[in-house]
Every structure is written in C-alpha cells, then in structure tokens.
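Assemble the whole structure, with the sequences as input and the hints as a guide.
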Amino acid sequence: MRATNVLVFTKSAPDRIIDYLSNIDNVLPILPYTTGRSRDRVRLEFRRFKVFRFVDNYEIESIKRDQTLLLLFKGSRSNIKFIFRPIESAIKVTVEYDGPRGWVVGRYLSEIANALVYEADKAVYSAKVRAVKTTTDLSSNLAKISWVSKLLMKSIMIKNENRVISKGGLLDYIESLISEEKVFNKYPGLYISGDGINSKMRLLFLNGELKGIYVVIGDKEYFGNEEVLREVGGLMRIRVYGIIRPELILQS
Amino acid sequence: MSLRVHKPYILYDNNKHLFVWLGLDEAEAEKGILTNQYLVVDQGEGLLIDPGGYYVFERILENTSKFVDPVKVKALFFSHQDPDVVGSLNLLLDMFPEAIVYVSALWVRFLPHLGVLDTSRLREIPDEGGEITIGKSKLRIIPAHFLHSPGNFHLYDPIAKILFTGDLGAAVFPSDEWYLFVEDFEKHKKYMEAFHHRYLPCRKAIDKWLEMIKDLDIQVIAPQHGAIMEKENVAKFIEWLRSLDKIGLDH
Ligand SMILES: [Fe+2]
Ligand SMILES: [Fe+2]
Chain Y
1 MRATNVLVFT
11 KSAPDRIIDY
21 LSNIDNVLPI
31 LPYTTGRSRD
41 RVRLEFRRFK
51 VFRFVDNYEI
61 ESIKRDQTLL
71 LLFKGSRSNI
81 KFIFRPIESA
91 IKVTVEYDGP
101 RGWVVGRYLS
111 EIANALVYEA
121 DKAVYSAKVR
131 AVKTTTDLSS
141 NLAKISWVSK
151 LLMKSIMIKN
161 ENRVISKGGL
171 LDYIESLISE
181 EKVFNKYPGL
191 YISGDGINSK
201 MRLLFLNGEL
211 KGIYVVIGDK
221 EYFGNEEVLR
231 EVGGLMRIRV
241 YGIIRPELIL
251 QS
Chain B
1 MSLRVHKPYI
11 LYDNNKHLFV
21 WLGLDEAEAE
31 KGILTNQYLV
41 VDQGEGLLID
51 PGGYYVFERI
61 LENTSKFVDP
71 VKVKALFFSH
81 QDPDVVGSLN
91 LLLDMFPEAI
101 VYVSALWVRF
111 LPHLGVLDTS
121 RLREIPDEGG
131 EITIGKSKLR
141 IIPAHFLHSP
151 GNFHLYDPIA
161 KILFTGDLGA
171 AVFPSDEWYL
181 FVEDFEKHKK
191 YMEAFHHRYL
201 PCRKAIDKWL
211 EMIKDLDIQV
221 IAPQHGAIME
231 KENVAKFIEW
241 LRSLDKIGLD
251 H
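The listed protein sequences derive, respectively, from chains Y and B.
Sequential numbering from 1 applies to the first sequence in the working numbering.
Sequential numbering from 1 applies to the second sequence in the working numbering.
No wet-lab data here; the hints were simulated from the structure.
You may find that some hints are simply not true.
[What the hints assert, rightly or not] Sample of chain B residues facing chain Y (criterion: CB under 10 Å; computed from the structure):
id: 1; residue: Tyr-9
id: 2; residue: Asn-90
id: 3; residue: Leu-91
id: 4; residue: Val-116
id: 5; residue: Tyr-179
[Unchecked claim] Pairs of lysine-lysine, DSS-like flavour, derived with a Cα cap of 30 Å:
id: 6; chain 1: B; residue 1: Lys-16; chain 2: Y; residue 2: Lys-200
id: 7; chain 1: Y; residue 1: Lys-200; chain 2: B; residue 2: Lys-136
id: 8; chain 1: Y; residue 1: Lys-128; chain 2: Y; residue 2: Lys-154
id: 9; chain 1: Y; residue 1: Lys-122; chain 2: B; residue 2: Lys-74
id: 10; chain 1: B; residue 1: Lys-66; chain 2: Y; residue 2: Lys-50
id: 11; chain 1: Y; residue 1: Lys-150; chain 2: Y; residue 2: Lys-128
Where is the CB? At the ideal position from N, CA and C, for every residue including glycine.
Written out as structure tokens, the structure reads:
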C-alpha cells in the first residue's frame, strides 16, 4: 500500500468544502480521469502515450466523521482512499492506494486530490458570492458567464468590428456607434463587449442609458465604474448585440 | 442521477499539439443523447469542434480556458447545421472574439436565424472541403455529405491522427451507462444501429465516404455522440459501416 499527503490552501472555509465533497453527486462531475459510468460505478482511466494504461471501475462510498471525510473507491483490481481533514485555511488530503503500478497511479491520485479540493472550493465560494450579491446589480451580473449566456441567447448580434480606440475615447466611440447606426434604435437594450490587448469590457445599455459596466484590466476587475472606461483603449475587438426583450433577462 | 462529467480528457498531447475531449452534460429531456465537444490546440492557438448548444457552453468555455486563452481560439468548426452543433453561436462569437466560424456553404445563409446579423466572421466550406490552419498544423476538412446532413464535413487531424466524424458513429447509451472509449465493439454497435438506420439517407452516402477516407491514417475515430473508437476498433467500425444495409429510405 502507498500513502501520500497533499496540502491544499482554500478560499472558502475548509469544513464547508469537506461538507460539499461528502455528497458523491458533487464529487462525480469534478472527478478528473473519468471515462465511464454504469449504475453505481465510475471508471477511472490513466494513460501515458502507449507505454502505460490503467483502468478500473469503482464504487464510491462517503463516510464523514466529525471534521474528517473519507471517500472510499472500491475497484475490482484496486482500492483508493481519500481522507480529507481541515487544517486552518487548508485541507490536508491523505491518499492511500492499494493496487498494481502504485508508483505511476499515485501521481494521478495526488492530482485528483488537488482537483477535488480546488473545484469544490470554487463551487462553495461562488455559491457564497451569489448569495451576497443582489440580482439587480447589473454590473456584477455582467461578470457572470451564466448570466451573459442567458442574455446573449435572447439577443441579436448586429455588429462585429475591430477598431483602434484612443485612450479616453471609448465612450465617444460608443456614443457615435449608437447614434450612427439607426438599427440600434430598434432595440430597447444593447450589450456591447470588447477585448483589447490587456483589457476586456462588457456594457449594458437599457433605453439608451448605460446601466451596467464590467471592465477587466490586467487581472483586476471593475464593476459599475464609468471612470475606468477611460483606461480602456488600443486595438479593440467590438461586438454589439441588440436585446429584444430586456425584461425577460432582468427578471432572472 | 444526472450524468455530468465536467473534467476534460486529453486524447493526444505531444507538448506542441493537443487534442482534448471537453466533458459531458446530460440534459434531462434527452436521456442518452450525449454530445461530445473537442478542442485542438497547436502552438498556443485553438480550434473548437462542434461546440454545441447553450446549456453546454459554460463548461466548454471553462475547459477550453484550461488549455488556451479564449482570445487565441482562432476557429470554430461546425460539421453541420443541427442545434446540438451550432446552438450557442452568438455566445461563441462573443466569448471567442478572434474565432472564425467554418460551416458548409449550404448552411451559412441559415445561421443568421440564430440572431447573427453581422456575418463577417462566418466562412463557407465548399462542397469539396478544405483546410484550417491552427498554429503550425493544418487540419483537413473531409466531405461527408448526407451523413446525415446534405452539407456535412468531418475533420482530420494529421498530427494526432484523429478523425472527428460528427454524427457518424453516433451511439445512444442506455440511461444507466456511459463510457468514453469503446472496449467491447460487439456490444457498442448495438447502441449505434438505430441512429445509423434512421438518420442516414442511403447506402451510397456511406460508400462515398469510405472512398474518401481510404488513404487516411486513422488511429482514433471521435464522434459527436457516443464513444471514441481507437486502434482495432477503428477498423471494426469501418467494417461495420461497410456491412450496414437498410439505411434511411430503404429502412
Ligand atoms: Fe445532426
Ligand atoms: Fe449531432
């Protein structure tokens, strides 16, 4: 038997993450190296070029005692144990493997332990952020792919262009865009997005008014900050979408 | 229990060139009809294959971002015009701002109905196929008309030696089963039969395709639905297609 330890630092509270992972339905979608499912079994498969291939089908059991979670993978050729324990702002995962080719399989298992904590952390963290932010905050909604997805599926792409925009000139450009193109008046809402060399923006206009601003410069995000639009410039790839019935999206 | 596998699986990797399966979601209403989406990366540039509909989009974007910057995704390949292939076009055009869309000349004029009035990023693939350059690699667009769509293409990656076959090779799993790689071909062909008898129009379409691919070195067949076939299963699949009768109008 082989055992290794992995320590992963987390954004969310470790006990919340461990709670999340104790539900097998949460574990299954985020389990790397999954290549099959049948009833209560999951297939994991590790391969490296043509030299190494390991496959087994596992039944997973989750046992939680106090703060400690044990995920037990019972396979036909091997058994894997992941033991999760909270340590301050981190989770320590002990991985035990009992089966063939331990020296290679072990490497993949450490990667799985890392990925499970990382993905669960992300899920717990975004659930918390969702609960804090109100849905009427359009600027922060623009940061969410799920919200933008809904918006765009009910929108029409009317313009796509590449344009060099001088520093500070973005709002002038957008104003001229809106007044130039008669077609824009047909839509009660407009979504304008742009990508520059080091920046990204998503804007939402409702009845001609700028109601949502989301800007990323480098790795910093800005919400509802009109001033920061002056910093966005250079070569921009711009898309403009007309929103046919904004009320449908705003309610959700 | 719904079937969601949100982790990608790397099918080929030589450090410069990658071919990745992008995970899986099962919509409640379409039990068993699972769709596969794939990503090719070469020298830091990406191409998405049949990137699909609205409800798979978030996963596609997230998993793609693990391998390539979305701005570096240069191409979207659509094998044909079905909703499970082109459904999220508006989203794709926004989130992959540099990507050019490649689709059959027969279908380009229908795409504006998805709400795309600016067609400057849509490219027609002529009936005879063509090539898409990604990084330093050239992917070959192989004509596969009437399999099942009248304007239909497959995509061959000569580095990974993977042939993406769109709906050809589609399989429908029973509700409690799914696997990514075919292990037992005899069992798997039962999951493919119904689709191929009903959705393909006639035997001749298959014969033309067999002629088209006969000189390709194919190590892996990667379909849009169902499971991936490798090594000896590639030959078994081709043999199975050769033997199929009572297709479409003759069914
Ligand atoms: Fe189709
Ligand atoms: Fe399909």
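Cross-check of the supplied hints:
| no. | hint | in the structure |
| --- | --- | --- |
| 1 | Tyr-9 | holds (6 Å) |
| 2 | Asn-90 | holds (5 Å) |
| 3 | Leu-91 | holds (5 Å) |
| 4 | Val-116 | holds (5 Å) |
| 5 | Tyr-179 | holds (4 Å) |
| 6 | B/Lys-16 / Y/Lys-200 | holds (28 Å) |
| 7 | Y/Lys-200 / B/Lys-136 | holds (28 Å) |
| 8 | Y/Lys-128 / Y/Lys-154 | holds (28 Å) |
| 9 | Y/Lys-122 / B/Lys-74 | holds (28 Å) |
| 10 | B/Lys-66 / Y/Lys-50 | holds (24 Å) |
| 11 | Y/Lys-150 / Y/Lys-128 | holds (21 Å) |
When each numbered hint is compared with the structure, no violation occurs for any of them.
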